[in-house]
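K.L.:
Since the structure of chain A is provided, determine the placement of chains B and C on it from the hints.
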Amino acid sequence: MSSSENKEADGSSAEESGQFRNRGFKILGLSKQDLIRIFFGGNASVAIVVLVLICVFLAREAFMFFPDHHHDLKAYRQSGQEYVDFASDEIKAHTNLYSSLNIAYFAEVNRTAKTEDTILRAYRALMANLENVTAKTWGRFERDLDRLEDVEDDLSDAKEDLEELDPEAEDFAAKQQELNQEIESLSSEQSQLTTRVEELREKLKKEVDLVIDSEEVWNMGVGAEEPPAESKAKLREAVLLSASPEIDDEPEYITGLKAVSKEKKAKAAEELSDFKDTVKAMQASIRPLKSFQSELRSIASKNKSEIVSFSTAAGRKEAWEKGAQNAATEEERQRMAAEAEKVVIKEPDYAALNQPFYESLGKHAELIAPIEVEMAQLYAQIPSKKEVQTKSAKENLDRAAVFYERFENTVSKNREEIKEWRHDKPITVPESVTAFLFGRNWISNSSWHDFYGILPIFTGSFLISIIALTVAVPFAVSAAIYVNQLAPHREQNFIKPAIEFIEAIPSVVLGFFGILVFGETLRAVSQVEWLQWVPGFPMAERLTILNAGLLLAFMAIPTIFTLTEDALNNVPQAFTENSLAMGASKLQTVFRVVVPTAVSGVLAAILLGFGRIIGETMVVLLVAGNKIKIPDFTEGLGVIAQPAHTMTGIIAQELGEVDQGSLHWRALFMVGMVLFCISLLVNFAAQKVLKKLSKI
Amino acid sequence: MHDQVTDDPLLKTENPFAKKATAVGRRDKVVSIVLRAGTYFILLCAAYIFIDIISKGAPTVFQSSPPFINTDFFTESPQTLMTWETEDGEYFKMDFSDYSQWRRDNPDRPIVEEHSHAYSGGGIFGPLVGTALLTLICIVVALFVGLTTSIYLNEYSSKGRFMDGVRLAIMNLAGVPSIVFGLFGLMFFCLFVPVFTETPLERSFFVIPLGGGNHLSFEGWGTCMMAGGFTLAVMVLPVIIAACEESLKAIPMGFREASLALGATKWQSISKSVLPYAFPGMLTASVLGITRVAGETAPIMFTAALAHKDKLPWQDVNSLGGFFSQSVQAMPYHIYTVAARIPQSEYTKPMQYGSVFVFMVLVMSLAALSVFLRIHYRKRVKW
Amino acid sequence: MSDKEKEEALSPEQSPVQSSVLDEGPPQVVIEVDDVNFSYVKGKEVLRDISMEINKGEVTAFIGPSGCGKSTLLRCLNRMNDLIPTAEITKGEIRILGTDIYDPEVDVIELRKHVGMVFQKYNPFPKSIYENVAFGLRIQGVNKKSTLDEAVERSLKLAGLWEEVKDRLDSSGLGLSGGQQQRLCIARTIAVQPKIVLMDEPCSALDPISTTIIEELITELKNEFTIVIVTHNMQQATRVSDRTAYFYLGNLIEMDETTKIFNNPSEKETEDYISGRFG
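Residue numbers (the working numbering), protein chains in the order written: chain A, 1 to 696; chain B, 1 to 383; chain C, 1 to 279.
So that you can see chain A by itself, here it is in the shape it has in the complex (with noise of 0.2 Å):
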């Protein structure tokens, strides 16, 4: 740039010399050919600018969370509620153990009586269908009986005022052809009403016939059993008599059934009554730490609401004066004034406030100690697995050893933190990144108090996203070998432009079909008998881990493809070649010369594949099941059928309901700006990746 100026300055000096002197204005020094250069370097710059600000943007949100968060928590402390967690904690430990053996209880009492059960579950499936199918007549029918009622009803009783008019009063001839008129219109109605009723009844006959054997009615729903193939014939006939519009009561098949499921029930309740007896101990032990903490928590909420309107009284009072300020009128502002004067600022008395607690401790641990015992005798009462005979009870048997080794632990972890616990410990700025990172609950909207943590979202992200690769890699790598190394040229070209149309299917239309037909689809694959040995087979939900899985990987597979296909096209002909002049045959020269040449590329085409879809929002949003919660890993590889929620579901889901600025609001930046890192991270990991593909 100097130069120029330079040569610019000698131009002018000595005008006729300059026979190639740069012409033209210029502004500050600068050509125009300076400036369209300027103009479009500017542009280029937009790139950086916007990542800047996308930075800028998310770390003001994310990072004004955590001095946000840390208060938030420091509240939840000061309040006494962490204290009454403690409790809460046990009592909920104890819940999943008490459940899952009450689970395990009803499903070996209800086994003896599988066979009935399993009728009457599709004796009431039918008559639903049934009547999804005759609702429109069975409404006519029901609203003319109804009527016909009515109108008999109004019938009898204007016939009886009619016998009881006084022929002495004077407006007898005028009451009387009232009534008399009344009662004629009345017949007519009814036997209008009548027929047409009678009308209905033969419709319904008809068209109940009509339908009882179609395949529409005998659908149990997915997942359902068949009743026995004996008893269809029987079943029908009970169909069609309680279907029948004359009959009220149940049919006698029916009733038999229930009364024999009833007594085998019975009957093994009482052979069970061991199980049954130490299951009601258990939930009986935990009644009295349950009311206690009951107590403390309604003080806890007190507390808190005190600590909360402390904290937000400065603001409050200002907001008000200063509406006070801009008052219209004058009575305005005196109103607005006056509620400022109200607003009272003043620091509770944190140590009063959980006076109550401290003077409990002694209390709670005079509860625990004897449930804790009693717990251990009883666990050790229940049958063994060995003694059970259903699949659901062994397995509930095994999360109840689960949940009682949870249960102890938590009891001896709040022993020795309950030591520990004091009103006023400060919290660190370690605890609550921590609290944020690690922890176990996303809580939001509660009555109680609201956690922050993104355990449970980054684990459904996580999980989902794991098996979208599983599935994806497999298939974009082996379709990428196979168009690339081995298919003929004309599918080639039929191939890739096809699975490039792929990658344009909008995610929401892929969600939609995951939430309307995918999903539906895969329960009903999910309880094929030959496929049971698939982890988390049968699913009983349609919205899961498994579900949104499957998708993303359909929506990964042109991603992890094209980029696979490019590394292997990029691997040297010369390569290919040599490896044939050697003899090896073509899948030798692509699996041992080829593909090892590209492996880089295909990793790098990998990891962006999982940038894509951990990115990914809508399919999770509409197919994961949005349940907040750390997926039950006691079972396994099975968790893969249970339903999550995700960093980006998350986001979109509550964004647009929370306020601007609020600790929410924040929390939900702060998972964007993790998200933003996780994808720089795959970014760098895979330029890092590639570049080494370049070394060789």
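No lab work stands behind these hints: they were computed from the structure. The structure presented is a predicted model; accordingly, all values stated were derived computationally and were not measured. Glycine included, every Cβ here is placed at the ideal spot set by N, Cα and C. Each statement offered as a hint is correct.
List of simulated lysine to aspartate or glutamate pairs, DMTMM-like, C-alpha gap at most 20 Å:
no.: 1; chain 1: A; residue 1: K586; chain 2: C; residue 2: E110
no.: 2; chain 1: B; residue 1: K349; chain 2: A; residue 2: E520
no.: 3; chain 1: A; residue 1: K265; chain 2: A; residue 2: D277
no.: 4; chain 1: A; residue 1: K692; chain 2: B; residue 2: D164
no.: 5; chain 1: A; residue 1: K136; chain 2: B; residue 2: E85
no.: 6; chain 1: A; residue 1: K413; chain 2: A; residue 2: E374
no.: 7; chain 1: C; residue 1: K127; chain 2: A; residue 2: E577
no.: 8; chain 1: A; residue 1: K136; chain 2: B; residue 2: E87
no.: 9; chain 1: A; residue 1: K203; chain 2: B; residue 2: D88
no.: 10; chain 1: B; residue 1: K249; chain 2: A; residue 2: D566
no.: 11; chain 1: A; residue 1: K302; chain 2: A; residue 2: D349
no.: 12; chain 1: B; residue 1: K56; chain 2: A; residue 2: E520
no.: 13; chain 1: A; residue 1: K586; chain 2: C; residue 2: D107
no.: 14; chain 1: B; residue 1: K249; chain 2: B; residue 2: D164
no.: 15; chain 1: B; residue 1: K29; chain 2: C; residue 2: D107
no.: 16; chain 1: B; residue 1: K272; chain 2: A; residue 2: D34
no.: 17; chain 1: A; residue 1: K136; chain 2: A; residue 2: D209
no.: 18; chain 1: A; residue 1: K276; chain 2: A; residue 2: E263
no.: 19; chain 1: B; residue 1: K349; chain 2: A; residue 2: E216
no.: 20; chain 1: A; residue 1: K136; chain 2: B; residue 2: D88
no.: 21; chain 1: B; residue 1: K93; chain 2: B; residue 2: E114
no.: 22; chain 1: B; residue 1: K29; chain 2: C; residue 2: E105
no.: 23; chain 1: A; residue 1: K234; chain 2: A; residue 2: E252
no.: 24; chain 1: A; residue 1: K304; chain 2: A; residue 2: E359
no.: 25; chain 1: A; residue 1: K363; chain 2: A; residue 2: E420
no.: 26; chain 1: A; residue 1: K136; chain 2: B; residue 2: E346
no.: 27; chain 1: A; residue 1: K322; chain 2: B; residue 2: E202
no.: 28; chain 1: A; residue 1: K136; chain 2: B; residue 2: E114
no.: 29; chain 1: A; residue 1: K317; chain 2: B; residue 2: E202
no.: 30; chain 1: B; residue 1: K29; chain 2: A; residue 2: E491
no.: 31; chain 1: A; residue 1: K234; chain 2: A; residue 2: E250
no.: 32; chain 1: A; residue 1: K496; chain 2: B; residue 2: E246
Not close to chain A: a few residues of chain B, all C-beta gaps over 10 Å, as computed:
no.: 33; residue: I69
no.: 34; residue: F73
no.: 35; residue: S100
no.: 36; residue: Q101
no.: 37; residue: R104
no.: 38; residue: F125
no.: 39; residue: V129
no.: 40; residue: L136
P.N.:
The following block gives chains B and C in isolation, referenced to the frame of chain A:
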């Protein structure tokens, strides 16, 4: 000659290169069949999705009588669908506006059963218009920035720190999740961007008084189609830049050198002998960009989209600024709404599948166009 | 075939090639090209009416100006042209060891195991030196460490590379100098003990010193293999080859003893070319 050869002890066998049914050969065959099966399985899945949506969506969009297309579906905005039954057993199904009309016309016919199904009636005109507007704003902005950036990267820049920074930024931008762009758009375009106003909002970041009652207030545009369009533009930038650069790279160096050698300035040679030939590439870039952008939901969720809006964007608007600063309905958001945020019943199905069908056909034909354009120009252009 | 059998078949002691070289007698024809026409694209023939015989244990050089078809013919000999979908032999046949190699019964992979090839641009795989040489054996299913070690050492010794690389067999083949890389490629080719080695301008990308080394190597290798070499460099042809074929515009103009071609060619065109009047 031949007998000489066969004398060789080596060559006792008739054909030393005869095909051998080796394990390698069999394995090769199996593996390649497996790979091929994998490939076609992917395509099969895609076909399943397409066929499902088309077969269930087509009945809503087409009809058996002329004009064969359900015009109401394309010319009306989403409405509540009403179903009811009168006492005499007659059954009705109408959009909410028709329902009100019917109630007015038949005040004395008692209704015995009445159900409303949100978003299940009417058509998809509003969302279609909204998506078109959002896409238009996005593509204008993105193409402007993207094209200039790619010209700079390809024509002006020399290697250096700045260039590496730009490339790195673009690459990283491409990997950022769309929902994060949504957050950024919300914070930047909806809540921060400066606007001229007489009455700055209280939440404005800072206000610069300009005199005459005017202020430059950093308060953002609010939730509106401008914010949504710009957010989408930022998101699609890497795609546009990459596509534009590809088209510029395809133009041989000779064009520029020849032009410069004739005494043209840098800008003249770019504008006269590079850009005109890069036009097809840029066209492809913009179609590709539209394809990417039209399907996105997450970035417009908080920046522009509304689930329900009675008026079309041009109704009741008196200035251009007012036009651009209103929220719009958008197809992807509409699909999200009907798929997940309303109670499901058999009456919602036609609307759901109809919208998805139309949306998918639109996006997929754009995608097909971009694939076609790229293949076409790559084949045709041989400098 | 089990691993063991394969190893036996490939072990040097029993290699028929070696033993047969010892038979002194009339030259044996291993490659017969019989009136061959070849085209890459239908209708445009790049080789016309080529007939020649190549003898066992000799170095045969193909010379001629660019585009004369010498490399094309070379690539026909191990069917590397199969990689181009439209390329085909339109007339005549090529017989190697008495078998028509374009016969549908012929397995191209078996053929290439017997007819190795060294390319113009040296291109070791991005693997270690050891793995590069062992590659051919590994794809034939030989995985026994001792056999591989032996074969690698033998091939590298044959290629004159052993002394230079024996201490770094595990480092990447790409870390060698150009000449060494080309010798590595030769070692890789001969490790599977082909009967014929085709060389497509093996020295054109190398400096003069490396070229000399490779040329010496070729002379040594002809004791064990039949070598066909395409070269641009006429001095190289005189230095390494026993017989020379001169191609021009897709025709085989003349083929004879190298000394005769260069000193006393029978065709006018050959004389013009070797005396440097064109090409």
